[in-house]
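Protein chains in written order, with my numbering: chain A, 1 to 164; chain B, 1001 to 1164; chain C, 2001 to 2500; chain D, 3001 to 3500.
For the record, the hints were derived by calculation from the structure and aren't laboratory data.
Don't take every hint at face value.
Unchecked claim - Pair by pair, the computed Cβ-Cβ distance ranges are:
1. Asp1155/B - His34/A: 20 to 26 Å
2. His1034/B - Tyr3082/D: 41 to 47 Å
3. Pro3155/D - His1034/B: 52 to 58 Å
4. Gly3166/D - His1034/B: 43 to 49 Å
What the hints assert, rightly or not - Straight-line distance between alpha carbons at most 30 Å, and here's what the computed BS3-like set of lysine-lysine pairs gives:
5. Lys2003/C - Lys2321/C
6. Lys2003/C - Lys2065/C
7. Lys2202/C - Lys2179/C
8. Lys3003/D - Lys67/A
9. Lys1067/B - Lys2004/C
10. Lys1067/B - Lys2321/C
11. Lys2202/C - Lys2283/C
12. Lys1099/B - Lys3003/D
13. Lys2179/C - Lys99/A
14. Lys1136/B - Lys3179/D
Claimed, not checked - Computed footprint of chain B on chain D, listed as stretches where at least three residues anywhere in the stretch have a Cβ under 8 Å from a Cβ of chain B:
15. 3353–3362
16. 3373–3386
17. 3412–3421
18. 3465–3472
Even glycine gets a Cβ: it sits at the ideal position worked out from N, Cα and C.
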Amino acid sequence: MKYITTINDQEFTIEINQDNQVTVNGQPVEVDMHQMLDTTMHSLIINGQSYDVRMKEGTGAYVVELKGHLFEVTVADERTRRLAGIKSSFSAGGEAIIKAPMPGVVVEVPVSPGQPVEAGDVVVIFESMKMQNELKAPRTGQVHAVRVSPGDRVDQNAILVTIS
Amino acid sequence: MKYITTINDQEFTIEINQDNQVTVNGQPVEVDMHQMLDTTMHSLIINGQSYDVRMKEGTGAYVVELKGHLFEVTVADERTRRLAGIKSSFSAGGEAIIKAPMPGVVVEVPVSPGQPVEAGDVVVIFESMKMQNELKAPRTGQVHAVRVSPGDRVDQNAILVTIS
Amino acid sequence: MLKKILIANRGEIAIRIIRACQELGYEAVAVYSDADRMAPHVRMAHEAYRLGPPPAVDSYLRGDKIIDIARQCGADGIHPGYGFLAENADFAEAVEEAGLTWIGPPPDIIRLMGDKLAARQTMARAGVPLVPGTDQNQDLRDEELFAVAQTVGYPLLVKAAGGGGGKGIRLVRQPEELKDAIRVARREAEAAFGDGRVYLEKYIENARHVEIQLLGDLHGSIIHLGERECSIQRRHQKLVEESPSPAVDDTLREQMGRIAVTAAQAINYASAGTMEFILDQNKNFYFLEMNTRLQVEHPVTEMVTGIDIVKEMLRVASGRKLRYTQADVQQKGWAIECRILAEDPANDFMPSIGRIIGLTTPTGPGVRVDSGMYFGVEVTPYYDSMLGKLIVRGDSRGEAILRMRRALEEFRITGISTTVPLHLQLMNSARFQAGQFDVTFLERNFQFNQTPPGELAQVAAVAATIVAHRRNREAILLHQSQPSPWRLYGRREALDRRLR
Amino acid sequence: MLKKILIANRGEIAIRIIRACQELGYEAVAVYSDADRMAPHVRMAHEAYRLGPPPAVDSYLRGDKIIDIARQCGADGIHPGYGFLAENADFAEAVEEAGLTWIGPPPDIIRLMGDKLAARQTMARAGVPLVPGTDQNQDLRDEELFAVAQTVGYPLLVKAAGGGGGKGIRLVRQPEELKDAIRVARREAEAAFGDGRVYLEKYIENARHVEIQLLGDLHGSIIHLGERECSIQRRHQKLVEESPSPAVDDTLREQMGRIAVTAAQAINYASAGTMEFILDQNKNFYFLEMNTRLQVEHPVTEMVTGIDIVKEMLRVASGRKLRYTQADVQQKGWAIECRILAEDPANDFMPSIGRIIGLTTPTGPGVRVDSGMYFGVEVTPYYDSMLGKLIVRGDSRGEAILRMRRALEEFRITGISTTVPLHLQLMNSARFQAGQFDVTFLERNFQFNQTPPGELAQVAAVAATIVAHRRNREAILLHQSQPSPWRLYGRREALDRRLR
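Given the sequences, and given the hints that come with them, work out the whole structure.
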């Protein structure tokens, strides 16, 4: 089976044949990989080099942790690849949304609806893990909506302020 | 629900009511127990005392590991107990069987079929984990069968020698 | 004599104290919030009692409830650890009023040193050199601070008077930044200590943060255990500490130690405590603040002096004399500590939350881990982000750095982001290795490299492809019912062999 | 200069050596049998190569294959650890002939000391006191041994000439037991060393086993690192070791150390090695054997001297001089090691096999774990039963014992039986605490108590009943499909809360 595997903009052509021999971009490599009991950890020996690899399935991709580095890897077999069209992608325009980066407490909201803001202006002061973080406007615009008040306890990804 | 719980010959009457209040032999105890991620380990706080309890289901009983001690615990609810008759038990007579206590290699079999043996006589010398263990006749009798030869690699519980 | 100690804390420091209790034959009592029901401090203690819901104000800050529990379970002493109630003089007083032993310095010293302005005045009187700054021990209004700033000169620091630990500090380089900095510092100070008072201090460029560990008993003996180097910081929070300091020689150590001991004697200090100093490039040192409690970084001192600070705290609290004189204290070798935080070094140290689904902890020669982590723990946003500490000792600073690098490579934490990769790169940086750094080093002169080495990408690609390939095969070969993780694992293992 | 080291071993000692390599900046190469594919030594090394099927003769004893791998992967040195090929002089020679560095003493010394009869003669010439026994360096027939036995006197020991480590030893109290003992000893010696030669030694009653750690370089320097007390044994296998020994004072230490160093100099010893002695009640000591390799119990010496024995072995093997003189060596504090074996102390130390399904390893101040265990490992009958070692250091012997007890309580290994409960009871025994024991203590004077404290039975009963109760409820509430262990866990957690 032939796979096209992509990390960022780097493509690897990886072939695994019937006898489980592996080639990478045409070069044969000696590979021995086993899963550990915790099921996300794998021991990989590739051409004699030993690695512990942790793997998690993300949305349409594998997140691979290797020596403290994270890689987002997409794997497509040739057939899937041919069938797949060009990905539709969101247009970047429209509203800018300031979300809670994690669960926490809103300390202060120094803006109100209708107020003009510049990129970098503090729109929410947010506390989590005993640290205060200033959340800033990602671009210049006008505050569209303020969804929270000081003292509110919010979940991760809760929408706090929108800028139009 | 009322349970009769037995450890060796000690019986405990344990009642768990609708609101999950627990009494042991009529005495109320405060109990809080949670399972850990590895599913065999539980954290138990009983009347303020904190214990790590590991639990495994054996044949008809729970094997409980607590502070390095092992307990075999059988739990019966009242109904089951009433229905259950007297356990049938094997008669202790007949053949004595010498089994491999674990996988290993047979080093020597100093007895042969038909040979009379006394309790304590060495019938098999068995090696495992680099140690030689002498397996002895549990009682006086006659060697009935020798199932292995020196050099044989055997599995745990493999029958090595029988004595009639 | 103490027999049963309640530990009014959580995480690694609660575990540290439980270990000391067990090694002294005392019983240890844990308290916990609902978020910590399965935490190791609860499971390692002899007894454990619930405080309340996860937020600290509802649990670990409930001094009233903690004292009630201590009385009901028959504890005779309370150790506060650090943070939470450790520097709360009212709580310490309430503990003593309840007839329990407070394992820390006398409450009036906590109160005195907790007010950073009062502490400055007291230390000045005891002959300790101060950083130039606000001298009045009172709540200055913004306008008064603007006036003082002109005498102090720029750059300067706006600091919270109500408490320490890096909270409510702002650096001001230009007069026009002062107003905003005071506002932000007051806000943070109000939130952290319920006290919006701030004061000003001259900012000393290229300075190091060096502190002296003190230990005193109730019979008037006070000794110091040498210094700790704590200049590797971000956001005024320590990240790496070591003992000794590469910037301190025997003469300076003796001088700093003597001044710290004299000042501690002047206020009748007892128990463990730390005097923090700013050390400038010309080896002048200035009092920063005094921490009237056990500190996060105490293990580096333990590793080089061989003195168990927590056990000594417990001993002296029950009235026993210090087992050591100043002459007994010797620094041997070199120790380094890395704080393992649930923060993402690749993303401006943004806190990271989630479940730890994989954990391998380093050990072996010269390695110590003080940690509250466990397999399956859910890291929540309720408490501070420190998960644990990795401490190593070597014969020399070089050996300690190499050992730390080895131990960091063994540390495998998955499920959340941690500072482990940052520490690894730090240990490999030439300036850290040379000992040439000050408190600004980490934020100004150190670049965290986020691009992984190229050859690793191919390894990651191969690993993911094999998993995808096996997944395809499994879909064909495996049945649907999955009776237990163990059986599933066995089956996967067998399949791995078949598919190899 | 060495750059890449192949470690011809497995388990905790392979990991110990990998750690030393990493701390010196060397690359480490692991080799493995099929039983060890997932073992930590394979996963921690930079490179790993398969040797063969699980049995040692097909894998870790395949010297030819190991040398081939070393050459092919470009390793420049081989460290044998202990056991397997560590004292195989032919292998050491083959390594050197292949142009690789042997990390151990010269092969001819291994050969000389491996023959226990030749070793006795050599040591006698170097002025080391011997236990009275067989003097001829030749293969005595049974009849000749019977004759010698009459001169030696009873009780006596029948010992294997071909190797040490407690294998092939039999105690004989009465002349009529001699014949059988010789037969059994020959058989065990033949199996263990391929050499059925045995010799006789007077058995010294109430003796301790005390050994001296030696360290030498290739430039003629040899030092000793003090003694280790190894009298806690069963079946002539050490179970607990400590340094210093409660039976050795400064004078005796100096005397034993000097004799050991002189003898080692006489044979031009280099690398790490150990001279084992029998110490009688009157402080007379007698040469037992010399181990020409790193020893299992080396960490207790490292913990009190601060010297990393494995790193020194690697350094001196590459031709560097010892970094220490005798005057640098100081024992500071007290260290104890407990060997964690897969054996059941409640069942005559019967080896225990199975999968480790739960593992919590102790850490914190003064604790070191050298271990090959990991979550999910299958303990097989192929190799020896030692899973790892727990080592602690304290300021005093008392502190070390209390710390060991604390650490043992933190050690949780489930799925197999281990010696942890035995060690706990041993640390609590008055005679161990008093330091009053000899080599017969564990087997003769120590009773392993198998009856758990009564109050624990009720706790076990409650725990099992709650699980049974919840199981009943779950059967009603839970659906059948179980998509992943994680989701299952989450569901159980939620259910726990509901059922509480």
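Hint check:
1. Between aspartate 1155/B and histidine 34/A the CB atoms are about 24 Å apart, so this pair conforms to the stated range of 20 to 26 Å.
2. A hinted range of 41 to 47 Å holds for the C-beta pair histidine 1034/B and tyrosine 3082/D, which are about 43 Å apart.
3. Here the CB-CB span from proline 3155/D to histidine 1034/B is close to 57 Å, well matched to the stated 52 to 58 Å.
4. Our hint of 43 to 49 Å for glycine 3166/D and histidine 1034/B holds, since their Cβ atoms are close to 45 Å apart.
5. A distance of roughly 17 Å separates the Cα atoms of lysine 2003/C and lysine 2321/C; the hinted pair therefore holds under the 30 Å criterion.
6. Between lysine 2003/C and lysine 2065/C the CA atoms are separated by roughly 21 Å; this keeps the pair inside 30 Å, and the hint holds.
7. With a C-alpha separation of about 16 Å, the suggested pair lysine 2202/C and lysine 2179/C falls inside the 30 Å cut-off, and the hint holds.
8. Distance restraint check for lysine 3003/D and lysine 67/A: the Cα-Cα separation of roughly 21 Å lies within the 30 Å cut-off, and the hinted pair is therefore satisfied.
9. A C-alpha spacing of about 20 Å is found between lysine 1067/B and lysine 2004/C, which places the hinted pair at or below 30 Å, so the restraint holds.
10. Among the hinted pairs, lysine 1067/B with lysine 2321/C is inconsistent with the structure: their alpha-carbon atoms are about 35 Å apart, more than 30 Å.
11. At roughly 17 Å between alpha-carbon atoms, lysine 2202/C and lysine 2283/C fall within 30 Å of each other, so this suggested pair holds.
12. Taken as a hint, the lysine 1099/B and lysine 3003/D pair is broken in the structure, with Cα atoms around 50 Å apart against an allowance of 30 Å.
13. Pair hint lysine 2179/C plus lysine 99/A holds up; C-alpha atoms about 29 Å apart against a cutoff of 30 Å.
14. Pair hint lysine 1136/B plus lysine 3179/D holds up; C-alpha atoms about 20 Å apart against a cutoff of 30 Å.
15. Residues of the segment 3353–3362 of chain D lying with their CB closer than 8 Å to a CB of chain B number 3, which satisfies the three-residue condition for coverage.
16. Residue count for the segment 3373–3386 of chain D with a Cβ under 8 Å from a Cβ of chain B: 6. That meets the three needed, and the coverage hint holds.
17. Evaluation of the coverage hint for the segment 3412–3421 of chain D: fulfilled, as 4 residues show C-beta separations to chain B shorter than 8 Å, against a requirement of three.
18. Residues of the segment 3465–3472 of chain D with a Cβ under 8 Å from some Cβ of chain B number 6, which satisfies the need for three, so the listed coverage holds.
Hints 10 and 12, counting from the list given before, are not met by this structure.
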